[in-house]
Amino acid sequence: MSETVLAIDELTVVYRRGHAPAVDGVSLQVREHGMVGVVGESGSGKTSIAMVAAGLWPATSGTVMSGDLRITPRMRRNERATVQMVFQDPQGSLDPRQTIGSGLRELRRLHGSRTSWISDADLLDRVGLDPVLLDRLPHQLSGGQAQRVSIGRALLLRPRLLIADEPTSALDVSVQAQILRLLDEIRREEGLGILFISHDLAIVRAICEEVHVMRAGKVVESGTAEQVMDNPTHEYTASLLAAIPGRERREQDAIGRRETTAP
Amino acid sequence: MIKTIVIRLLLGIATLFLAVTVAFIVAHGSGNPAAELLGASATPERVAQLQHELGLDRPLYVQYFDFIGGLLRGDLGTSLRYNQPNLELIMQRIPATFELTAVALAIAVVVGIPLGTLAAVKESTWIDRVTSAVALFGQSVPVFWLGMMLILIFAVQLGWLPAGQRNGPLSVVLPAVALSTLPMAQIARLTRSSMAETLGEQFIVAGRARGLSRASIILRHGLRNSSIPVLTIFGLQIGALLSGAVTVEYVFAWPGLGTLATQAIEGRDFTLAQAVVVVGVFVFVIVNLIIDVLYAVIDPRIRRTRA
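Chains A and B, in that order, are what the protein sequence lines are. Note that the first sequence covers residues 5 to 267 in this note's numbering. Note that the second sequence covers residues 196 to 502 in this note's numbering.
Please note that the accuracy of each hint is not assured.
[Claimed, not checked] Capping the alpha-carbon separation at 20 Å, the derived lysine to any residue pairs in SDA-like fashion look like this: (1) Lys222/A x Met79/A; (2) Lys317/B x Lys222/A; (3) Lys317/B x Tyr19/A.
[Claimed, not checked] From chain B, some residues computed to sit far from chain A (all C-beta separations above 12 Å): (4) Leu347; (5) Ser388; (6) Glu396; (7) Phe398; (8) Ile399; (9) Val400; (10) Ala404; (11) Arg405; (12) Ile423; (13) Ser438.
What the hints contain is simulated information worked out from the structure, not anything from laboratory work. Using N, Cα and C, we set each Cβ at its ideal position, and we do this for glycine too.
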């Protein structure tokens, strides 16, 4: 059995006392080499889960563990390295006045020998980028390139857990697919698990084996991607599925393509 | 980059020309300098004679071109009152004004930027509110009143610092503090809003997630990314400092350009007043030109796209 890299147990997050909790008694696990999806509309609490799981926000109650490490905002630097996050806005998560290379140097200074396993050029190559980009500033990159840099930067710290908060929703559809492929590749080849946050059921289905559907801070449905998508037991999941425009046609097209390309 | 500088330079020359023209019109539209110089007892013949000596009886446009021509040769005219070249008088006073404004600007930056940063980091706490109140006070208090209060408290009551004139390093303290208040308040407020905005950016959160310390996030990533708007008002501050210096120098009897300008206006020494305006505008334009170049140094985005 592979190791559990994220164990969220009865997590509750309350931003303002007396207000409805943003996250209400959620439990979920991510295993090494696993990719677990959390889906829901905006305001359902999925980003709050991401922030707490990345140690950027305190849990009001409940525990969040990564192996033996308790994830809190007070984690030490070397502990923090084990939990990395990729954000929604690819350019926005890079300092606009720092070249890609100098951003990596800053990380290497900060985390020392932990980062010495790979050179800058190899790291960029690992995420499918040309090393010439090391001299570039974030605004000189495309959204897809910037997101690859963010993923590479996370990988440099050898995390056990990667939290991807809507990593593709700011990207073009064709670029989305490339980034998803990269994440899937990393999941298989590096020893880490991914918590994938998205509002897009179709993407989650394509990439995650396990899915949790959230609404108003609670998980209303959990299961394998196929189970949840093909036989939604909760009416909310069904309504989310129905809200995907042209879903049936798209699936039919996909099936049709598969048949015509088959030998 | 070179193109930017050339454009700024041309704009600066246009500004200079415009300001010089306005100064000329104001100086020549405010009464008869010859009569003022000679006093009430002068005969009309004597006034007419002096007007002729000063060239004031020539058509206005001739005087204007004469004035502009002089400027182009670096000749700012001769003072009516002191009978000395204006440029010489100004050069004698410039070090005092430079000292005063430099110290004031240093105080404004050294106090204003940390104050604004502190307020942004502690946004919505009592520290933020106290800082904002201090900044609002600094922005609204009249500088002459503040100057007099400083004199009353620190010179008259406590006797810690000299009340005026330029005598040793301590004498600059009170006038510089009075002069620094407005720019300090503006810098603090702007730093606060710019910094608060930057600290809300995703790369700041991302930096935290990668294990960057709070200090390094604020100083390295926060301050650098919020410095552009602050630098922008620096150019405007120079203008504010120069005009503020007129008041402050008067209140503290500081022997700089400001007192020279006041004396020139009071004494109807219109050529000297004109010359002070020309020099003031010249300094203002040059400083702003330097700041435009500095932008490119601080913000590599400008440097690369215009290179």
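**OP:** Hint by hint, work out which the structure violates, then give me just those numbers in ascending order.
**Re:** Going through the list in order, the structure violates hints 1, 2, 6, 7, 8, 9, 10, 11 and 12 and respects the others.
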